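J.: These are the residues of each chain, in order.
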Amino acid sequence: MDTIIDAHNISKVYNPDTIPVYAVNNVHLHVHAGEFTALVGPSGSGKTTLLNLLGGLDRPTSGNVVINGVDITQLSPSQLIDFRLHNIGFVFQSFNLIPVLTARENVEFIMLLQNVSKKERDQRVTALLAEVGLADKMNVRPAQLSGGQQQRVAVARALASKPKFILADEPTANLDSVAATKLLDIMAKLNQEENMTFIFSTHDQRVIDRARRVITLVDGAITSDTGQTPTD
Amino acid sequence: MITKIAWRNIWRNPTRSLVIMISVAIGLLAGAFIAAIYWGMGQERFRIAIENEIAHIQIHQPDFTKDFTQIPSMPQAMEMLTTIKQLDGVKAATMRTIAMGMLANATGSAGMQINGIVSEDEAAVSQLKSKVIDGEYFVSKKANGLLLGAKLAKKLKLKLRSKVVLTFQDKEDNLVSAAFWVEGIYQSYNTALDERNVYIHISDLETLLGLSDETHELAVLLQNDELTIPVKNTISQLYPNLKVQDWQEVSPDTALVLSTMGQASMVFVIIILLALAFGIINTMLMAILERTRELGVLMALGMNRMKLFSMILTETVILVLFGSPFGLLIAYGIIKYLSVNGIDLTAVAGNTMGDFGFGNVIYPDLPIDQYFQILILVVITAIISAIFPAIRALRLKPVEAIHR
Numbered sequence: 000m001d002t003i004i005d006a007h008n009i010s011k012v013y014n015p016d017t018i019p020v021y022a023v024n025n026v027h028l029h030v031h032a033g034e035f036t037a038l039v040g041p042s043g044s045g046k047t048t049l050l051n052l053l054g055g056l057d058r059p060t061s062g063n064v065v066i067n068g069v070d071i072t073q074l075s076p077s078q079l080i081d082f083r084l085h086n087i088g089f090v091f092q093s094f095n096l097i098p099v100l101t102a103r104e105n106v107e108f109i110m111l112l113q114n115v116s117k118k119e120r121d122q123r124v125t126a127l128l129a130e131v132g133l134a135d136k137m138n139v140r141p142a143q144l145s146g147g148q149q150q151r152v153a154v155a156r157a158l159a160s161k162p163k164f165i166l167a168d169e170p171t172a173n174l175d176s177v178a179a180t181k182l183l184d185i186m187a188k189l190n191q192e193e194n195m196t197f198i199f200s201t202h203d204q205r206v207i208d209r210a211r212r213v214i215t216l217v218d219g220a221i222t223s224d225t226g227q228t229p230t231d
Numbered sequence: 000m001i002t003k004i005a006w007r008n009i010w011r012n013p014t015r016s017l018v019i020m021i022s023v024a025i026g027l028l029a030g031a032f033i034a035a036i037y038w039g040m041g042q043e044r045f046r047i048a049i050e051n052e053i054a055h056i057q058i059h060q061p062d063f064t065k066d067f068t069q070i071p072s073m074p075q076a077m078e079m080l081t082t083i084k085q086l087d088g089v090k091a092a093t094m095r096t097i098a099m100g101m102l103a104n105a106t107g108s109a110g111m112q113i114n115g116i117v118s119e120d121e122a123a124v125s126q127l128k129s130k131v132i133d134g135e136y137f138v139s140k141k142a143n144g145l146l147l148g149a150k151l152a153k154k155l156k157l158k159l160r161s162k163v164v165l166t167f168q169d170k171e172d173n174l175v176s177a178a179f180w181v182e183g184i185y186q187s188y189n190t191a192l193d194e195r196n197v198y199i200h201i202s203d204l205e206t207l208l209g210l211s212d213e214t215h216e217l218a219v220l221l222q223n224d225e226l227t228i229p230v231k232n233t234i235s236q237l238y239p240n241l242k243v244q245d246w247q248e249v250s251p252d253t254a255l256v257l258s259t260m261g262q263a264s265m266v267f268v269i270i271i272l273l274a275l276a277f278g279i280i281n282t283m284l285m286a287i288l289e290r291t292r293e294l295g296v297l298m299a300l301g302m303n304r305m306k307l308f309s310m311i312l313t314e315t316v317i318l319v320l321f322g323s324p325f326g327l328l329i330a331y332g333i334i335k336y337l338s339v340n341g342i343d344l345t346a347v348a349g350n351t352m353g354d355f356g357f358g359n360v361i362y363p364d365l366p367i368d369q370y371f372q373i374l375i376l377v378v379i380t381a382i383i384s385a386i387f388p389a390i391r392a393l394r395l396k397p398v399e400a401i402h403r
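For the record, the sequence lines run as chains U and Z.
If you count by numbering that gives the first Met the number 0, then the first sequence holds residues 0 to 231, one letter each, in order.
If you count by numbering that gives the first Met the number 0, then the second sequence holds residues 0 to 403, one letter each, in order.
Just chain Z, with the same shape it has in the complex (with noise of 0.2 Å):
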């Protein structure tokens, strides 16, 4: 009978009612939308890192990031290739020998990293080949030729097939130099990667360090992400003489991205919440405010405070998941969308968004159970919105209620 009253009750006003249902769709639409665009950006940055510049699990020496002048190397780096490649859960694996040095040409010159890659191995882990605006992505196989970014290009103003000189240390300590030609010019979607990494043959970098069979890093994409830590002890134990990092280690920033967009979402969320709240808050008190004789009959016919409490609690919460379904399912219809065909920001952010690690397009996305728990908060909102003006219907005296 009390859900019978709380629910008559809510009809006695429609158009208020059907305003706070629709402001509470609103909200919730505007709650989900924010968190979907959030969720939607961490997940891009994360899967950016992931699949375009960290991998899943990285492999060095201990001791990889004491000097980048001589960065310390791990023998038999072709057998130690072949056995990750065939563990279960690897997609890809590729090894990369690096260096530390200066790439300069007549225009300017610039700090570098130097990256030695097996071409069709980095081609499945990150992803390089996909990202050639210009040229190609060592086709030729022709020795010394070279990989860089677009913006790095557009400074030092190389072009296909200019010459460029790198210079650095090799394994005895020597500068060395040598020249190398541009032929492909590569943008990422991190553009301040992009401006400090070019890649060449491995071979062509091996030989002027003087390495033999031996690599700098070794770079694992698995088939899923839940297989990180699996995958990663088991690397581990077959090599526990080297550091065996995932991506959260390789790269905290990554996880710090991705738990700082979940608890910017959150903050949005909840600002909305707020306003929700003082409009059940407002929308009941009137309520209350209309009825008061009402209620306090109820109470001097013998209706307890906790049955007048939970009747009041439970018009409110038929109100709000009135309005919450609606809500949830507009914002679920156009967050679906958004997911696969984006929101283009080139018009506005130009290429900005490159220079965080984003794409321009962001793909907005929310998984199921957020939804559930935006409309769990949404319920909690509404029960705490409630327990004000229940507490002033409870504190009516019923003798001075009935005859107002």
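If we strip away everything but chain U, and leave its shape as in the complex, we get (with noise of 0.2 Å):
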């Protein structure tokens, strides 16, 4: 199987020069395609960080991230943010939609960015929201939609990039179990239907027990990973 992430002994620690916290203590970690991965672990224990730090949202004291073959470590802030929008989709704790823009113009924004041609945009907005079940709340803005349909359109817009693999950043957390379990099957069926890579961080039992793969960390460093993918 293709290794889409390969972190080599990245450690982040905040105030090295007082008091130095590992908030990632010396991770070493392959994620290969078609994974659905849980990274668990109490709160404190990294999670988010090492999420950030393989999503290239922010950059570890030493260690590097390399992405399908490159090293993310080495590239300039305009390059990231290049880099980001082409090969990894983002799903936030708090669903974090542009508040004025409709479920439709949130996922086609993404793509605008990405300079997808109007034909291919339209096709790829309706398809993907029809994909998370929200065909008929194309025009609504996200105010006047509950957190479980806020997230799926989230999820809609992570995919609308294409991307390489989908971080999601404790995607379950600000939902009831109803739209819990609705979103885990939405993204198990895009896991086995289209082989998406998803990585979560989460506390949820839930996503716990849907995940093949399960990375427990404490105190910024791995302490179990379970249901690893075997190397080639």
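Check before you lean on any hint, since a few could be wrong.
Lysine-lysine pairs mimicking DSS-like chemistry, simulated, CA-CA at most 25 Å apart [to be verified]:
{"hint": "1", "chain 1": "U", "residue 1": "Lys188", "chain 2": "U", "residue 2": "Lys136"}
{"hint": "2", "chain 1": "Z", "residue 1": "Lys306", "chain 2": "U", "residue 2": "Lys118"}
{"hint": "3", "chain 1": "Z", "residue 1": "Lys306", "chain 2": "Z", "residue 2": "Lys396"}
{"hint": "4", "chain 1": "U", "residue 1": "Lys188", "chain 2": "U", "residue 2": "Lys163"}
{"hint": "5", "chain 1": "Z", "residue 1": "Lys90", "chain 2": "Z", "residue 2": "Lys130"}
{"hint": "6", "chain 1": "Z", "residue 1": "Lys306", "chain 2": "U", "residue 2": "Lys163"}
{"hint": "7", "chain 1": "Z", "residue 1": "Lys90", "chain 2": "Z", "residue 2": "Lys128"}
{"hint": "8", "chain 1": "Z", "residue 1": "Lys128", "chain 2": "Z", "residue 2": "Lys154"}
{"hint": "9", "chain 1": "U", "residue 1": "Lys136", "chain 2": "Z", "residue 2": "Lys3"}
{"hint": "10", "chain 1": "Z", "residue 1": "Lys306", "chain 2": "U", "residue 2": "Lys161"}
{"hint": "11", "chain 1": "U", "residue 1": "Lys118", "chain 2": "Z", "residue 2": "Lys3"}
{"hint": "12", "chain 1": "Z", "residue 1": "Lys130", "chain 2": "Z", "residue 2": "Lys141"}
{"hint": "13", "chain 1": "U", "residue 1": "Lys117", "chain 2": "Z", "residue 2": "Lys3"}
{"hint": "14", "chain 1": "Z", "residue 1": "Lys153", "chain 2": "Z", "residue 2": "Lys130"}
{"hint": "15", "chain 1": "Z", "residue 1": "Lys130", "chain 2": "Z", "residue 2": "Lys156"}
{"hint": "16", "chain 1": "U", "residue 1": "Lys117", "chain 2": "Z", "residue 2": "Lys130"}
{"hint": "17", "chain 1": "Z", "residue 1": "Lys150", "chain 2": "Z", "residue 2": "Lys128"}
{"hint": "18", "chain 1": "U", "residue 1": "Lys181", "chain 2": "U", "residue 2": "Lys118"}
{"hint": "19", "chain 1": "Z", "residue 1": "Lys156", "chain 2": "Z", "residue 2": "Lys141"}
{"hint": "20", "chain 1": "Z", "residue 1": "Lys170", "chain 2": "Z", "residue 2": "Lys65"}
{"hint": "21", "chain 1": "U", "residue 1": "Lys161", "chain 2": "U", "residue 2": "Lys117"}
{"hint": "22", "chain 1": "U", "residue 1": "Lys163", "chain 2": "Z", "residue 2": "Lys396"}
{"hint": "23", "chain 1": "Z", "residue 1": "Lys158", "chain 2": "Z", "residue 2": "Lys141"}
{"hint": "24", "chain 1": "Z", "residue 1": "Lys128", "chain 2": "Z", "residue 2": "Lys170"}
Beta-carbon label-pair distances, calculated as ranges [claimed, not checked]:
{"hint": "25", "chain 1": "Z", "residue 1": "Lys3", "chain 2": "U", "residue 2": "His202", "range": "34 to 40 Å"}
{"hint": "26", "chain 1": "Z", "residue 1": "Lys3", "chain 2": "U", "residue 2": "Ala32", "range": "34 to 40 Å"}
{"hint": "27", "chain 1": "U", "residue 1": "Asp81", "chain 2": "Z", "residue 2": "Lys3", "range": "18 to 24 Å"}
{"hint": "28", "chain 1": "U", "residue 1": "Ala32", "chain 2": "Z", "residue 2": "Leu17", "range": "50 to 56 Å"}
{"hint": "29", "chain 1": "Z", "residue 1": "Leu288", "chain 2": "U", "residue 2": "Val20", "range": "24 to 30 Å"}
{"hint": "30", "chain 1": "U", "residue 1": "Asn194", "chain 2": "Z", "residue 2": "Val18", "range": "50 to 56 Å"}
{"hint": "31", "chain 1": "U", "residue 1": "Asp81", "chain 2": "Z", "residue 2": "Phe387", "range": "22 to 28 Å"}
{"hint": "32", "chain 1": "U", "residue 1": "Asp121", "chain 2": "Z", "residue 2": "Arg7", "range": "17 to 23 Å"}
{"hint": "33", "chain 1": "Z", "residue 1": "Lys3", "chain 2": "U", "residue 2": "Thr225", "range": "43 to 49 Å"}
{"hint": "34", "chain 1": "Z", "residue 1": "Leu17", "chain 2": "U", "residue 2": "Gln122", "range": "36 to 42 Å"}
{"hint": "35", "chain 1": "Z", "residue 1": "Arg11", "chain 2": "U", "residue 2": "Asp121", "range": "23 to 29 Å"}
{"hint": "36", "chain 1": "U", "residue 1": "Gly132", "chain 2": "Z", "residue 2": "Ile270", "range": "56 to 62 Å"}
{"hint": "37", "chain 1": "Z", "residue 1": "Arg7", "chain 2": "U", "residue 2": "Ala32", "range": "36 to 42 Å"}
It is worth saying that the hints were derived from the structure and are not from the lab.
This structure is a prediction, so every number in the text was calculated from the model and none was measured.
Cβ coordinates follow ideal geometry from the N, Cα and C atoms, glycine included.
With the hints as a guide, dock the two chains, each given alone in a separate frame, to form the complex.
T.: This is the structure:
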């Protein structure tokens, strides 16, 4: 199986000169295409920080992150923005949709940044919103959607750019159980049918139960990694 | 999409956006109004100078200003005047014979420029006739009639038909004196000039000076201001030995007033724009502070710095451009009304405006291109004002901004 994320001994240290705090401590991690992986651990264990490092939102203090053969720790800020746009999808805990745009526009926006043609944008937006069960909510702004619906728009938005993988930071944390189950069903379906790679950070047992690989972090270090896909 | 987001962002906080739009409108109204007052005053000073004092072009002997007790005269004056009156673009022309002397009566005396004029021609060039407020403008054709300014009349306690004595040097440097009778009292927009200029028949002065078909000054009024240079060049070619000067050369102070008025109004406009700029910066900084997380998300998703910058810039420019037309339209309405009806300053300034060569009624006016100039300045202000908030937004780190 193709390795899409290759993290070599990455660490993120805050206050290195005073009282160093290791948010991520010497993590070594490979993620392969098609994984459905959960990063778990108690609050403050470094799940979100690790996710940010893998997604190029933050830079490690040491070590490097190679995505699809590109060492993203060597990219300039502008190159990194462009890299994220074309390679990584994000789903955030608090949805973070653009409030002034409708569901359709939120999904379309990312393709506009990629200069995708109008025809393709229209087709893809319609298909993606239908896939997450929101075909009837296309022209509704986020404020008029429930939390679960907003998060499904966020998943559609993450998929819109045709990323190599999707990073989801506590995606079910703000959802009730019905909405959480529905969201997980959609993500699992995308994973199985379209081989989309998902990496979650989560506390939620329902997510952990659905994950095929579970990585446990304690104090920034990996303490267990179950269900890992064997390397070629 | 960037314009769409910018537009919708503006209406997320309608009150704040409306306040800034109204500020822009009021700022523009104030800026345009002040510019119009200065422009109107400058134009008025220019028109007064051209139509009442110096005309567009004056012709003298080259050393005209060398010795005012013995001003050199130009020969064949009538022929010259006839030729110049027939030139294309000339509306009216007149000749003046000038003597520097003294006016005296029983009350006192004053140094004076004595202007010998051809009454009909002078009325056409300097509108002197319309400035007569008491008595008549050389109607009687009687010899030794005199027209003097109201302020001088008051100072020397002169009334109509009062006798005055004018004393000056003739062509042969002899001191000559002659009695004149006040036939009319005039008041122009320039009290300083009124106080030191009296007018008599040109024939009376020529006789006393011993001149024959000679004159000291030819003043030419043109059909429009743009003809000044071409007509001046034509006259210069016709009379290469004479000094032909346009209004800017005759009265550099008028040219200076015009340029100073423009600069002064620009200073006020810039002060208003600066105040506006701080308002815009404050509003946009607030907007960015409120949307820190959203901007972080946009950056995380892959919106590059250029697009983020242009989004904030677009938002600011839309905000300002929506306020601008209202301010400019209201300003246009008010200025157009006042350009006809004027602002009468008599109640607050008395007649002091006249001491500076202005009328008591100010007529604010502003050419259309000046409105556009102000609009362009406002847009430039908006763009400059957006730069600081935009840089603040660009400095955000997505990972920090998202978690705020």
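J.: It remains to establish, for every hint, whether it holds in the given structure.
T.: Here is how each hint holds up against the structure:
1. At most 25 Å may separate the alpha-carbon atoms for a hinted pair to count; U/Lys188 and U/Lys136 meet this at roughly 21 Å.
2. The straight-line distance between the Cα atoms of Z/Lys306 and U/Lys118 is roughly 22 Å, inside the 25 Å bound, and the hint therefore holds.
3. For a cut-off of 25 Å, the pair hint linking Z/Lys306 to Z/Lys396 stands: about 16 Å separates their Cα positions.
4. Of the pairs offered as hints, the one joining U/Lys188 and U/Lys163 holds, with about 16 Å between alpha carbons and a cut-off of 25 Å not exceeded.
5. This hinted pair checks out: Z/Lys90 and Z/Lys130 have alpha carbons roughly 20 Å apart, not beyond 25 Å.
6. The hinted pair formed by Z/Lys306 and U/Lys163 meets the criterion: a straight-line CA distance of about 24 Å does not exceed 25 Å.
7. Distance restraint check for Z/Lys90 and Z/Lys128: the Cα-Cα separation of roughly 17 Å lies within the 25 Å cut-off, and the hinted pair is therefore satisfied.
8. For the proposed pair Z/Lys128 and Z/Lys154, the alpha carbon gap of about 22 Å is at most 25 Å, so the pair holds.
9. Distance check on the hinted pair: U/Lys136 and Z/Lys3 sit about 20 Å apart at the alpha-carbon level, within 25 Å; holds.
10. A hinted pair counts as satisfied when its Cα atoms are at most 25 Å apart, and Z/Lys306 with U/Lys161 qualifies at roughly 21 Å.
11. For the hint linking U/Lys118 to Z/Lys3, the alpha-carbon distance of about 19 Å falls within 25 Å, and the restraint holds.
12. Of the supplied pair hints, the one linking Z/Lys130 and Z/Lys141 holds, its CA atoms being roughly 20 Å apart against a limit of 25 Å.
13. For the hint pairing U/Lys117 with Z/Lys3, the CA-to-CA distance comes to about 16 Å; that is within 25 Å, so the pair holds.
14. Note on Z/Lys153 and Z/Lys130: the hinted pairing holds, with a Cα-Cα distance of about 16 Å set against a maximum of 25 Å.
15. Distance hint between Z/Lys130 and Z/Lys156 is fulfilled; the C-alpha atoms sit about 20 Å from each other, no more than 25 Å.
16. Proposed proximity of U/Lys117 and Z/Lys130 is contradicted: the alpha carbons are some 74 Å apart, above 25 Å.
17. About 17 Å separates the Cα atoms of Z/Lys150 and Z/Lys128, which keeps this hinted pair within 25 Å; it holds.
18. For a cut-off of 25 Å, the pair hint linking U/Lys181 to U/Lys118 is broken: about 30 Å separates their Cα positions.
19. A C-alpha spacing of about 23 Å is found between Z/Lys156 and Z/Lys141, which places the hinted pair at or below 25 Å, so the restraint holds.
20. With a CA separation close to 15 Å, the supplied pair Z/Lys170 and Z/Lys65 stays within the 25 Å bound.
21. Proposed proximity of U/Lys161 and U/Lys117 is supported: the alpha carbons are some 16 Å apart, at most 25 Å.
22. Pair hint U/Lys163 plus Z/Lys396 holds up; C-alpha atoms about 23 Å apart against a cutoff of 25 Å.
23. Under the criterion of a C-alpha separation no larger than 25 Å, the hint pairing Z/Lys158 with Z/Lys141 is consistent with the structure, at around 18 Å.
24. Straight-line distance between C-alpha atoms of Z/Lys128 and Z/Lys170 comes to about 29 Å, which puts the hinted pair past the 25 Å bound.
25. For Z/Lys3 and U/His202, the hinted distance range of 34 to 40 Å is satisfied, since their beta carbons lie about 37 Å from each other.
26. Our hint of 34 to 40 Å for Z/Lys3 and U/Ala32 holds, since their Cβ atoms are close to 36 Å apart.
27. Here the CB-CB span from U/Asp81 to Z/Lys3 is close to 22 Å, well matched to the stated 18 to 24 Å.
28. With their beta carbons about 52 Å apart, U/Ala32 and Z/Leu17 fall inside the hinted range of 50 to 56 Å.
29. For the pair Z/Leu288 and U/Val20, the beta carbons lie near 28 Å from each other, so the given range of 24 to 30 Å is met.
30. Between U/Asn194 and Z/Val18 the CB atoms are about 53 Å apart, so this pair conforms to the stated range of 50 to 56 Å.
31. About 26 Å separates the C-beta atoms of U/Asp81 and Z/Phe387, a value consistent with the hinted range of 22 to 28 Å.
32. Between U/Asp121 and Z/Arg7 the CB atoms are about 20 Å apart, so this pair conforms to the stated range of 17 to 23 Å.
33. Taking the beta carbon of each, Z/Lys3 and U/Thr225 are about 46 Å apart, inside 43 to 49 Å as hinted.
34. Distance hint for Z/Leu17 and U/Gln122: a CB-CB separation of about 40 Å, consistent with the stated range 36 to 42 Å.
35. A hinted range of 23 to 29 Å for the beta carbons of Z/Arg11 and U/Asp121 is consistent with their spacing of about 27 Å.
36. Taken as a hint, the range 56 to 62 Å holds for the pair U/Gly132 and Z/Ile270, whose Cβ atoms sit roughly 59 Å apart.
37. Taking 36 to 42 Å as the suggested C-beta distance range, the pair Z/Arg7 and U/Ala32 conforms, at roughly 38 Å.
The structure fails hints 16, 18 and 24 (numbered hints given earlier, in ascending order).
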